[in-house]
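S.K.: What follows is the residue order along each chain.
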Amino acid sequence: MNDTLDVVLRLIAVLVVFLVLPLVVGQTEHKVMAHMQGRLGPMYAGGFHGWAQLVADGVKFAQKEDVVPADADRRVFQLAPAVALLPYLLVLIAIPVGPHGFVGQALDAGLFFVLAVMGVGVLGSLMAGWASANKFSLLGALRTAAQLMAYELPMLLAAASVAMAAGTLSLPGIVESYHWWWTLWQLVGGLVFFCAGLAELQRPPFDMPVADSEIIFGAYTEYTGLRFALFLLAEYAGIVVLCGLTTVLFLGGWHGPWAGSVGWLWTLLKTAVLAFVVIWLRVSYPRLREDQLQKLAWTVLIPLSLAQIALTGVVKVVIS
Amino acid sequence: MGIPGSGLAKGLAVTLKTMTKRSVTAQYPDAQPELPPRSRGVIALFEENCTVCMLCARECPDWCIYIDSHKETVPPAAPGGRERSRNVLDRFAIDFSLCMYCGICIEVCPFDALFWSPEFEYAETDILDLTHERDKLREWMWTVPAPPALDPAAEEPKEIAAARKSAEKAAAARAAQEQDDKQDLKQDLKQDNKQDQKQDQDEGREQRPGEGDA
Amino acid sequence: MNPGTVLAAAAHHPGFLSPTGVEITFVLVGLATLGAALLTVTTKQLVHAALWLVVALGGLAVEYLLLTAEFIAWVQVLIYVGSVVVLLLFGLMLTKAPIGRSPDADSGNRWVAVGVAGAAAVTLVWVVVDAFRSTWINLHGAVQGTSHATGTSLFRHWVLPFEALSVLLLAALVGAIVLSRRTDGGKETE
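Residue numbers (the numbering used here), protein chains in the order written: chain E, 1 to 320; chain D, 1001 to 1214; chain G, 2001 to 2190.
It cannot be assumed that every hint is accurate.
Unchecked claim - Selected chain E positions facing chain G (in silico; Cβ < 7 Å): (1) V68; (2) P69; (3) D73; (4) A133; (5) A141; (6) L148; (7) A150; (8) V318; (9) I319.
To be verified - Label-pair ranges, simulated between beta-carbon atoms: (10) G:A2149 to E:S261: 23 to 29 Å; (11) E:A62 to D:A1026: 31 to 37 Å; (12) E:S261 to G:A2032: 43 to 49 Å; (13) E:L269 to G:A2149: 34 to 40 Å.
Derived by calculation from the structure, the hints in this document are not laboratory data. Here a beta-carbon is modelled for each residue, glycine too, at the ideal position from N, C-alpha and C.
This is chain E alone, in the form it adopts within the complex (with noise of 0.2 Å):
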């Protein structure tokens, strides 16, 4: 009975993270976007600058008519929404925020679990541009689909250069693990990770398949309603998940200065720092082109990544 209790009090931790982190980076973006192109964003809702904004944002949503397309596959239309953001929420759950089992559910092979989960959103994308009977949503989803094959791969490369350095698959061992001096030793491979992410949940500069200007929203361009908030929540929660997997993986999760009483407070801050570079990066570059998004993939980040293993190859037989 305990058990259980436990178990479902996690899952609640959980799912109250997965609704409210998102919402917080979604308003910081509204803020900082704002203060960096000199302007102020949002000031009214809520009263004090615009906090409530996204909850305004989210009634208006709620309020709008669900329209299907005649043409569309209704079902997968309609099923894609909840297949791009589910993966999310099940990934926050094996995130370790703290030391001492502060996680969701600590898996054995954590890091598998997340990368193959994070994998699956995507499809979400898929099906919804190729449901959509728009032409438009079909590019944007075959631009998904090539971005995502091109930076799965060094993202798992650079992944598995961590889980070698640890020794183990299992993300709190992963942190448990870390010294400080890891993160020069994986720098590129941090790098390479942060990159190949946002690739995969196409943030500027790696929006090409949204580009608004090319080809309107890409594989969401029929959604109306409550199902384009959740693809737009699936955004901001892959977000969350890809800085905190970051921060997890490459810069020590809850290590720091009183990291026994505030461990957690470190996971989240470097995760806040993350998500406000995720911001920046879009704030600042413009859009890649599609051949350049590929070239970048296959002759950088590869080469890196496969260079940060053999680097991290060499160094863990060295002091072994």
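With the hints as your guide, set chains D and G onto chain E.
M.R.: Then chains D and G, alone, in the frame of chain E:
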């Protein structure tokens, strides 16, 4: 070119620097914008000056000015004279859903009855309500700013030049009168009369386009 | 008899009667997987077939999980659901798969295909049943499918097949490069 990637770093630096600066956004409904002089907000009517000459309505490129009037007779100025007729303005309306703010009506008005007002908050929820009548147009007249000051080296406006000229002449005449007190009064008076008559004629010619159409 | 002794008895004498919750789940997921697989080959809509394949492969991953082979399960999801099906969908979209039924989705060789599939299934079932006739996985003891255990057995007992597979993949890689380099006569390709 420098170090590879320095361009990327520069981009990040620019956005970060902008973030730390105060944003330039003006919170409009809370803070009114500072409009430049001669802002073209809306067209105001100084209806006391309007003589219903219809020039504005005829010159308007998209026919958005509505003018109705009727004629009234005014009793003769002097007993035994002819009655004068006068136009009385009944309706003056501008349809701001058609108006393209070209300002031709203001340029063309010979009596300074139309002005640019910087007022811009007159949005309506119904397009039909954008046809504003003379009372609204007259109200906007209060928002018309004083004309901007002239450039330091600019030519004097004609009205002021004419007034100053006559004032100077009167002063000169008075001075001459005081000086010539000892001299023959009759001769002096004759000359003064001649000069005054000539000046009156000049001024009348200048003012004729202003009053002649009434 | 109190529940404790029943459990102990079941653990000592496993049988098909009085199945445990895990076993029931295993059978149900297996049926769902089988249904999804059948739908994959019988549906007339191409993209639906690919999506049913996702369900079938995901069902297989769940079966691995139930057998405590966690590592294999996640690799299954990562490689098959995350990459192979995405590649498949990419191909289908590139050929502009229509929404709705494709009249030419049926092959004339369907009966031959059924025969081959049936024979393969019979062989596999035969081999598996014959090999693991009365082997039971103890779900309550040490987990047997951890990444550590898998790695140990893979690189200690099965190194030769592993390396042979690597050579096969290398051959495929070289073949792909050769195929894409053949159009040298015209424009140069990336």
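S.K.: Broken hints, numbered, in rising order?
M.R.: As far as the earlier hints go, 1, 2, 7, 8, 9, 10 are violated by this structure, in ascending order.
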